[in-house]
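*Asks:* All chains should be built: construct the whole structure from the sequences, respecting the hints.
Chains as they are written, first to last, in this note's numbering: chain A, 130 to 420; chain B, 11 to 366.
Honestly, the hints are just simulated from the structure, not real lab data.
A few of these clues could be false.
Not the full set, but computed from the structure, chain B residues with beta-carbon under 7 Å of chain A [as the list claims (entries may be wrong)]:
no. : residue
1   : A64
2   : N87
3   : S97
4   : H103
5   : G113
6   : M116
7   : R117
Listed next, the in silico DSS-like pairs over lysine-lysine satisfying Cα-Cα at most 27 Å (straight line) [unchecked claim]:
no. : chain 1 : residue 1 : chain 2 : residue 2
8   : B       : K88       : B       : K118
9   : B       : K144      : B       : K181
10  : B       : K118      : A       : K345
11  : B       : K121      : B       : K144
12  : B       : K88       : B       : K121
13  : B       : K144      : A       : K345
Covered stretches of chain A (in silico footprint by chain B; criterion: 3 or more residues with CB under 8 Å from a CB of chain B, positions within the stretch not fixed) [stated by the list, open to error]:
no. : stretch
14  : 317-327
15  : 339-345
Glycine included, each C-beta is placed from N, C-alpha and C at the ideal position.
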Amino acid sequence: MDVVVEPGLEHQAERARSRHGFLMGLPTMIYLFVFFVVPLGFVVMYSFATRTRTGRTELAGWNVEAYERLGETVVRAVAFRSLWIAAVTTILSLALAYPLAYFISTRRPATRNMLLVGVMIPFWSNFLIRTYAWRVLLDSDGIFTRIMSGMGLGDGRILFTNNAVILGLVYGYLPFMVLPLYAAIERIDWSLVEGARDLYASGWSAFRRVVWPLSKPGVIAGSILVFVPSFGAYVTPAILGGNKKGLMGSYIVDQFMDARNGPLGSSLSVLVLVVMLMGTLIYFRQGGRSL
Amino acid sequence: MSEASVAVGLHGVVKRFGDVVAVDNLDLDIRDGEFFSLLGPSGCGKTTTLRMIAGLELPTAGSVTIHGEEMGIRPPNKRPVNTVFQSYALFPHMDVARNVGFGLEMRKVPKEERSSLIDWAIDLVEMGAMAHRKPAQLSGGQQQRVALARALVNRPEVLLLDEPLGALDLKLRHQMQHELKELQREVGITFVYVTHDQEEAVTMSDRIGVMHDGKLLQVDSPERIYEHPTTRFVADFIGQTNFLEATVASADEVVLANGDRLRLSTDHDGGAAVAVTVRPERLTVHGRDEAPVGAHSLDGVVDSVVYMGNAINYTISVDWMHLEVRCPATLADDRKYEGDEVTVSFDPDHASVVVG
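*Replies:* Here is the structure:
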């Protein structure tokens, strides 16, 4: 045959292929750059800027004052309260989601899909509306309050407390815990459990020594997916929480709005971002893949 | 057989999955210390039988005993048996040593004793250099050895093996067959081995039980199974064979389809339709009318000749059927060619009467 692939043609073809991939991704990359990377750059820039006496942010006289203020007692209290609420929310979600995810992943495939859709149904209505619905339920003459007091479990008034915030957050983010857990547990080879049982492990030991460690990627992914948004949550504390200055999300909003302190608001935002990044890093370090 | 020498007893064992009968009224005694194979095609119920001994499946009816002790609905962790799974089922998050030590740990064997037993088992399968590797870092054959060590380290009364060599390539499989047999002699534990590979079963086992459609068709030594199958399925499943359709004339005589009478003992009723099975290598080919006295002979014509290197396969048509004959490769002057008129003969001792 006279037709020969000339030297260099192969590389040209490979370059063309990678160029096609780049061109297809380009619109999205432009979108993300304009509406995500650039604003993020502004936030970082603002955090080093100067606040004038009238409350304007001047892009001059660069300093780290806003970061120094992160060490103040008030800020630390807000940060720790937010961390605490995010941690409790994560642990409660895990405790609620694990048995459910385990149950779903041990059903037959058809049943599994039905149950998974069930878990996702709440997403079909607006988050804000669902949170307001909780406000109605938790109101002093709402169903929750009446049931609690009817059963003699206190007066059931938890609206505008941190407990109400945790309740709302667990409710809102539970599917984010269930789905990665399901994905991890569903992937486990059940012959491993049979193997453990055959090697004298009780049902509980087989779970503790085989199922739990192998589902860890799901536990970590779910925990990050719940912890990170809980830490910076704004809507839920604003609607169900009492002390509006108490948590990170609302505290940041207050800095921009009421206190007119752009640099502090920005440095707080950077702090939240760093916490989230650390969480994500831990996840990838643990070898997780499914987000 | 005395009670004491029975390692595993299965009596009237039935297993149903919904409407499907996976194991149908199985009776079997596996002797202490023997290498016993359950052989059959996929879906014949052999793995289900093994899983019922392990306790991973509970029988719908019947009794499973291990060294005379009724197992009932006892869970797997309370049975004195261990399993080598087809997929090996090695724990991916533990290294070789921790995999092997898992059973000992679960039984709360003290730490020092545990580690010396782990060393013994890992050495037994020659995996000493790999003790701290994870299963994913091992080849299929190495994983196989670890699975074996993980089971043997517990010194089970019976070791159950579910197609343990199925995932290995041919060469490695042959090597492991040999090693498994050696290992079984060395540790003296009863092996119950499930396989669909008849060659594997024949070369390794002390006895074989052939299963088909949930039923145990024949339990015998490999030699008896091969030379004297009792059913058409067994004869056909274990190697190649010829079936000569026949009718039972009396307790020691059958009539072939061409009217030839053949002295063969059978316990089937007179008039019953049966088949006489003769292995291709038990048939010999001669020139017409040169067959030896005392052998049964049939006249035919050579249909085809296939040279196999160490043997020659002939297909010979006698007037009512084709016969497959395998002869050792011989010198040119003994060879037959297509169209040759020949006589095929066999010693009736090498033939068996089968039904089914």
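*Asks:* What are the numbers of the hints that this structure violates, sorted from low to high?
*Replies:* none
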